[in-house]
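Asker: These are the residues of each chain, in order.
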Amino acid sequence: MTTELPAIAKSIDARGMACPGPLMSLIGAIRAGAVGAVFEVLSSDAGSRTDIPAWVAKAKHEMVAVVDEQGYARFVVRKAH
Amino acid sequence: MPARVVVLGGGVGGTLVANLLSKRLRRDASVTVVDGSGMHVYQPGFLYVALGQADALWLARDERTLLRKDVELVVENAASVDPAAQVVHLVRGGTIPYDFLVVATGSRIVREDVPGMVAGAHDFYSLDGALRLREAIRTFKGGRVVVGVAGIPYKCPPAPVEFTLLVEELLRHRGLRDRSQVMLLSPLNRAFTVESASKLVQPIMEKRGIELRTFFNVETVDPQKRTVTSLEGETVEYDLAIIVPPHRGARVVEESKLGDQAGWIPTDRATLQHAAHERIFALGDATDLPISKSGSTAHFEAPVVASRIAAIVQGTAPREAYAGRVMCFLETGNGRATTLRFDYAHPPTPPTPSRMWHWAKWAFNRVYWVTVPQGRIA
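Going down the list, the sequences are from chains A and B.
For the first sequence, my numbering puts the final residue at 81, and the numbers step up evenly by one.
For the second sequence, my numbering puts the final residue at 378, and the numbers step up evenly by one.
Fair warning: there could be bad hints in the mix.
Ranges of calculated distance between the beta carbons of each label pair, as one might list FRET restraints [what the hints assert, rightly or not]:
1. A:Ala54 <-> B:Asp260: 25 to 31 angstroms
2. B:Pro223 <-> A:Ala34: 26 to 32 angstroms
3. A:Val35 <-> B:Gly38: 39 to 45 angstroms
4. A:Asp68 <-> B:Arg27: 51 to 57 angstroms
5. A:His81 <-> B:Gln374: 46 to 52 angstroms
6. A:Val67 <-> B:Asp178: 50 to 56 angstroms
7. B:Thr214 <-> A:His81: 16 to 22 angstroms
8. A:Ala7 <-> B:Arg355: 50 to 56 angstroms
To be clear, the hints were calculated from the coordinates, so they are not data collected in a lab.
Beta carbons: idealized from backbone N, C-alpha and C, even for Gly.
Turn these sequences into a full structure, and let the hints guide you.
Answerer: Structure below.
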């Protein structure tokens, strides 16, 4: 079954990019983006599985989806405020 | 007729691309560097200036002296680029046509984007900022020192961690440590983005009594109350705040609508070509790649840009691709440092901080001028 994802305002391909890394890049995009916009970050880093949802919860944004792909994961986040 | 290559920006990336192309293509290309200041600034030195360990004069040299003789230098800001006409417009009205354009315009600091930052916080992201901070540290009598980050992306991701460790050392040497607290406000849930490096650094911070506050992305500074507030909703007090300011792409990129909302150029991660204009290449801080904004990145990207342009000029297929290579040092204080080396396929595995890497960093700082811009360190 495929999940219908909302329109993505900005997609960041951070696969293989250790520094500044997927979460830092996502925080940057969310800071610069509009409230309600949806952002996507692609990460091959195993740590993103815990780091990204933890920050999204702490900063009170919305974790829309985490989608497993071949060799990486796709994190979809909505800027809530 | 030789191919006309115009390079915007005389920093690490622009200077190296220009020298490599002029050396490789000789009479097959005319290479022009356009730079508003005509001075080449070694930005990693700002940190040492702020800490009183280096003289500001050491940081800048005349760009002309770093370029090969056959590279033309135009000391003037570019106002805009017209990609359809393949022309660069200069601020005083002149124009320079190009066959290939290399955008190496770096990033610019926008302290004013953070409320209270200009009046309430210091930073070491410009020479002026570093000199003001040096004075603030010199007259500091003890209290709470906080180091934080107010915008992503920013140059040199390890810099806040380095600064925290080095300022703590300085306070100890000045006999102010007992009267001071040192706190690192990290944007992430650890001290540093690279987990293996965090595992090296966090025990050192703990041992030295440096407090780590995580998921703290600085949003505002209140100069009256002397507080810093995060977008995650927390507030901390300070006596001396050192906050990495937000960065944006160059004005010429924004004016020309070549970049995204923040002025970063949409760039292919392997070919370093502009996503919409095949005759335009970008490198260093100017790109939108989610990779370190650092001189090292520009240094390793420059040969790829030069090689691909040279191949096209010579009528062969460009083969060289950027593999994400970056190498940097991370000072941990007490005369020790570690190193981070990585690419898209290999995450960094930093060695235990040692005196050797500290001296390697200092040696690099010294030999930079006679090696990197000329392409002598590959």
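Asker: For every hint, state whether the structure bears it out.
Answerer: A quick look at each hint next to the structure:
A hinted range of 25 to 31 angstroms for the beta carbons of Ala54 of chain A and Asp260 of chain B is consistent with their spacing of about 27 angstroms. Our hint of 26 to 32 angstroms for Pro223 of chain B and Ala34 of chain A holds, since their Cβ atoms are close to 29 angstroms apart. In this structure the hint that Val35 of chain A and Gly38 of chain B lie 39 to 45 angstroms apart at CB holds, the actual value being about 43 angstroms. A hinted range of 51 to 57 angstroms for the beta carbons of Asp68 of chain A and Arg27 of chain B is consistent with their spacing of about 54 angstroms.
For the hinted restraint 46 to 52 angstroms between His81 of chain A and Gln374 of chain B, the CB-CB distance of approximately 50 angstroms keeps it satisfied. Separation of Val67 of chain A from Asp178 of chain B is about 52 angstroms and conforms to the stated range, judged on CB atoms against 50 to 56 angstroms. The hint said 16 to 22 angstroms for the Cβ distance between Thr214 of chain B and His81 of chain A, and at roughly 20 angstroms that hint holds. The hinted window of 50 to 56 angstroms between Ala7 of chain A and Arg355 of chain B holds, with their beta carbons roughly 53 angstroms apart.
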